[in-house]
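First residue of the sequence shown? That's 1 in this note's numbering, and the numbers climb one at a time after it.
These aren't lab readings, by the way, just hints derived from the structure by calculation. Quick caveat: nothing in here was measured; it's all calculated off a predicted structure. Note that the Cβ used here is the ideal one computed from N, Cα and C, for glycine as well. Worth double-checking, as some hints may not be accurate.
Claimed, not checked - Listed next, the in silico DSBU-like pairs over lysine-lysine satisfying Cα-Cα at most 35 Å (straight line): (1) Lys44 x Lys64; (2) Lys60 x Lys44; (3) Lys16 x Lys44; (4) Lys87 x Lys16; (5) Lys87 x Lys64; (6) Lys64 x Lys16; (7) Lys44 x Lys87.
Stated by the list, open to error - Distance windows between CB atoms, simulated: (8) Glu85 x Tyr4: 15 to 23 Å; (9) Glu91 x Gln40: 31 to 39 Å; (10) Gly43 x Ser89: 13 to 21 Å; (11) Leu56 x Gly21: 24 to 32 Å; (12) Gly21 x Asn68: 17 to 25 Å; (13) Thr71 x Ala17: 34 to 42 Å; (14) Glu91 x Tyr4: 30 to 38 Å; (15) Glu55 x Pro8: 27 to 35 Å; (16) Gly21 x Leu84: 16 to 24 Å; (17) Asp69 x Pro19: 28 to 36 Å; (18) His12 x Asn68: 15 to 23 Å; (19) Lys87 x Gly5: 14 to 22 Å.
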Amino acid sequence: MNVYGILPFARHLLVKAIPSGGIAVDCTVGNGHDTLFLAQLVGKSGVVYGFDIQELALNKTREKLLQNDATEQVRLFLAGHEHLEEKISAEHAGKG
């Protein structure tokens, strides 16, 4: 029996749920660790929408994505996740 901590368990679930070419949302990008993880899951043919209300967080995330060649599939927004419906393109709304 495997016993995971909460973060490894969450990542385990995401790996099973998000296919290459998929769509993911990071509602609080912070330092970009989870955004990068999601970007690697969806690959170049997928999309990750990232939100944060702090410009510094977005800058750190951009830097991390650049260092890992993962900017192409990520769209970052200086906004709270309450604006998610306004920012996600109609073609991706309700899909995942």
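Quick rundown of the hints versus the structure:
1. Lys44 x Lys64: 16 Å, holds
2. Lys60 x Lys44: 20 Å, holds
3. Lys16 x Lys44: 18 Å, holds
4. Lys87 x Lys16: 26 Å, holds
5. Lys87 x Lys64: Holds. Lysine 87 to lysine 64 sits at ~22 Å (cutoff 35 Å).
6. Lys64 x Lys16: 24 Å, holds
7. Lys44 x Lys87: 20 Å, holds
8. Glu85 x Tyr4: 15 to 23 Å: Given a distance of about 32 Å, which is not inside 15 to 23 Å, the answer is violated.
9. Glu91 x Gln40: 31 to 39 Å: 22 Å, violated
10. Gly43 x Ser89: 13 to 21 Å: 18 Å, holds
11. Leu56 x Gly21: 24 to 32 Å: Taking Cβ atoms as reference, leucine 56 and glycine 21 lie about 31 Å apart, which means the hint holds.
12. Gly21 x Asn68: 17 to 25 Å: 18 Å, holds
13. Thr71 x Ala17: 34 to 42 Å: 23 Å Cβ-Cβ, so the 34 to 42 Å window is violated.
14. Glu91 x Tyr4: 30 to 38 Å: 34 Å, holds
15. Glu55 x Pro8: 27 to 35 Å: 30 Å, holds
16. Gly21 x Leu84: 16 to 24 Å: 21 Å, holds
17. Asp69 x Pro19: 28 to 36 Å: 20 Å, violated
18. His12 x Asn68: 15 to 23 Å: Given about 21 Å between the Cβ atoms, the range holds.
19. Lys87 x Gly5: 14 to 22 Å: 31 Å, violated
Hint check: violations occur at hints 8, 9, 13, 17 and 19; the rest are consistent with the structure.
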